[in-house]
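J.: Chains as they are written, first to last, in the numbering used here: chain Z, 1 to 350; chain Y, 1 to 350.
All clues given are correct.
Covered, in the sense of this in silico footprint (three residues per stretch, anywhere, with C-beta under 8 Å from a C-beta of chain Y), are these stretches of chain Z:
no., stretch
1, 12-26
2, 55-61
3, 147-161
Chain Y residues, not near chain Z, derived (Cβ > 12 Å throughout):
no., residue
4, A119
5, Q181
6, T194
Quick list of simulated restraints, FRET-style, between CB atoms:
no., chain 1, residue 1, chain 2, residue 2, range
7, Z, G307, Y, M105, 49 to 55 Å
8, Y, V31, Z, P303, 28 to 34 Å
9, Z, D199, Y, V31, 49 to 55 Å
None of these hints come from the bench; they were simulated from the model. Where a beta carbon is used, it is the ideal one built from N, C-alpha and C, also for glycine.
Number of protein chains: 2
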Amino acid sequence: MIDLQARLREVGERALIRHLRSRIPAGTGVVVGVGDDAAAVETTPVTLITTDALVEGVHFKREWTPARLLGRKALSVNLSDIAAMAGSARNAVVSLCLPPDLPVMFVDELYDGLLERAAESNVNLVGGNVSSTSGPVVIDIAMLGHGGERLLRRSGAVAGDLIVVTGGLGAAAAGLRLLAQGARLGPDGDLVATGIWTDSSREALLHCLRAQLDPTPPLALGRAFVEEEMAHAAIDISDGLSNDLRTLCEESGVAARLSLSLVPVDPSAASLSRAQGDDGLGMALHGGEDYQLLVAVPRERYPEVAGLGQVWNIPITAVGEFVEGAPDVLVDLGGKVESLAPGAHEHFRS
Amino acid sequence: MIDLQARLREVGERALIRHLRSRIPAGTGVVVGVGDDAAAVETTPVTLITTDALVEGVHFKREWTPARLLGRKALSVNLSDIAAMAGSARNAVVSLCLPPDLPVMFVDELYDGLLERAAESNVNLVGGNVSSTSGPVVIDIAMLGHGGERLLRRSGAVAGDLIVVTGGLGAAAAGLRLLAQGARLGPDGDLVATGIWTDSSREALLHCLRAQLDPTPPLALGRAFVEEEMAHAAIDISDGLSNDLRTLCEESGVAARLSLSLVPVDPSAASLSRAQGDDGLGMALHGGEDYQLLVAVPRERYPEVAGLGQVWNIPITAVGEFVEGAPDVLVDLGGKVESLAPGAHEHFRS
Numbered sequence: 001m002i003d004l005q006a007r008l009r010e011v012g013e014r015a016l017i018r019h020l021r022s023r024i025p026a027g028t029g030v031v032v033g034v035g036d037d038a039a040a041v042e043t044t045p046v047t048l049i050t051t052d053a054l055v056e057g058v059h060f061k062r063e064w065t066p067a068r069l070l071g072r073k074a075l076s077v078n079l080s081d082i083a084a085m086a087g088s089a090r091n092a093v094v095s096l097c098l099p100p101d102l103p104v105m106f107v108d109e110l111y112d113g114l115l116e117r118a119a120e121s122n123v124n125l126v127g128g129n130v131s132s133t134s135g136p137v138v139i140d141i142a143m144l145g146h147g148g149e150r151l152l153r154r155s156g157a158v159a160g161d162l163i164v165v166t167g168g169l170g171a172a173a174a175g176l177r178l179l180a181q182g183a184r185l186g187p188d189g190d191l192v193a194t195g196i197w198t199d200s201s202r203e204a205l206l207h208c209l210r211a212q213l214d215p216t217p218p219l220a221l222g223r224a225f226v227e228e229e230m231a232h233a234a235i236d237i238s239d240g241l242s243n244d245l246r247t248l249c250e251e252s253g254v255a256a257r258l259s260l261s262l263v264p265v266d267p268s269a270a271s272l273s274r275a276q277g278d279d280g281l282g283m284a285l286h287g288g289e290d291y292q293l294l295v296a297v298p299r300e301r302y303p304e305v306a307g308l309g310q311v312w313n314i315p316i317t318a319v320g321e322f323v324e325g326a327p328d329v330l331v332d333l334g335g336k337v338e339s340l341a342p343g344a345h346e347h348f349r350s
Numbered sequence: 001m002i003d004l005q006a007r008l009r010e011v012g013e014r015a016l017i018r019h020l021r022s023r024i025p026a027g028t029g030v031v032v033g034v035g036d037d038a039a040a041v042e043t044t045p046v047t048l049i050t051t052d053a054l055v056e057g058v059h060f061k062r063e064w065t066p067a068r069l070l071g072r073k074a075l076s077v078n079l080s081d082i083a084a085m086a087g088s089a090r091n092a093v094v095s096l097c098l099p100p101d102l103p104v105m106f107v108d109e110l111y112d113g114l115l116e117r118a119a120e121s122n123v124n125l126v127g128g129n130v131s132s133t134s135g136p137v138v139i140d141i142a143m144l145g146h147g148g149e150r151l152l153r154r155s156g157a158v159a160g161d162l163i164v165v166t167g168g169l170g171a172a173a174a175g176l177r178l179l180a181q182g183a184r185l186g187p188d189g190d191l192v193a194t195g196i197w198t199d200s201s202r203e204a205l206l207h208c209l210r211a212q213l214d215p216t217p218p219l220a221l222g223r224a225f226v227e228e229e230m231a232h233a234a235i236d237i238s239d240g241l242s243n244d245l246r247t248l249c250e251e252s253g254v255a256a257r258l259s260l261s262l263v264p265v266d267p268s269a270a271s272l273s274r275a276q277g278d279d280g281l282g283m284a285l286h287g288g289e290d291y292q293l294l295v296a297v298p299r300e301r302y303p304e305v306a307g308l309g310q311v312w313n314i315p316i317t318a319v320g321e322f323v324e325g326a327p328d329v330l331v332d333l334g335g336k337v338e339s340l341a342p343g344a345h346e347h348f349r350s
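If we strip away everything but chain Z, and leave its shape as in the complex, we get (with noise of 0.2 Å):
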């Protein structure tokens, strides 16, 4: 038994991966799991693979985030991007980089996180690396799926086409404002502290600070879209509808037509933001971290999106189209069209 109450540096690399690895169960496909060179699973003939990592400091504070609901985070990024090309998550490996002071209880509630969210998402821990670091703790993980004959690209986008967005936006901009303002979640997702806030705002409270500490991608619906060649090309927003759309546009060659006075403002984060003399629209474009789906969809085909939305309980909207022209997102301010500066996180920008 590991003493959960020690450092790192008094328990050593070999008992930390004999306990992490006495709680990894065996997973299905999974021919060589944890404790080889390598892990080895079954494979369909075409495999997605994806790599992101949440690094400290720069993805999360420590003090603000429960260890088990940055398990589960680490976990979702990742299958959020093999979601976004219709993919299906099934192996993920993960590596750590720890300083020796951390608790052991840290990295144990973040497998708590991990392995709880793998399960939900029928994904397997196969294996990983943990390395000690002198800097900031760091959550990188590889995740492996499988490919279904067709694969939603972000490159196939065309003049003509609607832009859709799942779900609403700006949620996990504002849980981020929250957390500033000392609102807490628990390491089981309540909330602990409302901050500068009241008790009335609760509900809001709850699902903003959830939509940033433990957002919920929609997994199946990219796969929904792709089989019925709903959708031409997707992206999923991670980076802020601004920086996605730009992106989506560069790769697929076309400009895009946003109006503004469309894009979902999450709800939760629009009542906030009024309480505090903004309507959350900026937070909606440029926050990011929202996890959802930017889709271009043939315009015939979207009454059917929207009836798979109803189907999924998951709110659907055309907020634009794609039109022929250089790559830019282009925002109708007062009859002006202009072009919409990307607004979100630039890594190493300050």
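Please arrange chain Y on chain Z, whose structure you already have, making use of the hints.
T.: Then chain Y, alone, in the frame of chain Z:
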């Protein structure tokens, strides 16, 4: 064109990614390469996956390590894991944590090494991630390989098998000591400083520094062993013979009797050690990072294994045998059998 003289904070994430992406060639078996939510690659029914990271201050010092060699090593340590399972490496994703004050040139040279080593080993770079960090540089790679009909596990050694080691051991540890003594390689792997050593040791310095900074695991040997059923089990020697032999024993449920006099100390490491009043055995046993193979060979197949070594021009040495008993590494010290304590680096302990 990106300004290679600039720092990352001056060019930003998007320009960096655009630049790196422009350098990555299309690859065989790549359905979707860099630049989408996920990559898609052709896979066989069984796919191997491994992940290994190099963390600044733990695995390397920036002032000792040309970035190009660092890129090569980051791939090599993963290639070694795939090869030790008797697989063929095919695709990799590269996840980087980079401080904003890092020169763009560093990342560009890192990619010189990554791309070159990938081309040498028929591996496609199919995606990745870059994140800012307030801490050390992290190069984290996840690698996929094709698994053949038979895999080479850590768990197959049986009592009576010979303990066989490929190559010489201790050169990488000797190289690390040389770096601390001021010896240096340039980006092209040439000797640019001898530190405390004279030019007469040139060849030995070069050999050991390269073993540390640009290791070349015997990538084809594992596959050759398993195809001819010459091996019951294998592990790559990354944590030192004393550690990795113990691990093989634990996974296989056997003990090992190791003959210290048979351990193949790398000749260059031995000669440099002798000059400092040491026989080099400690480095060969505990030094780590040799990325050679430790193999459990059925006794009757040993002559063929030795023959393969001649064909591939890699020394093959039997250093003892596996025996029944609780997992342990036993050595004969002047007639007294003792347990060999693992002596290599363990993360989190100082």
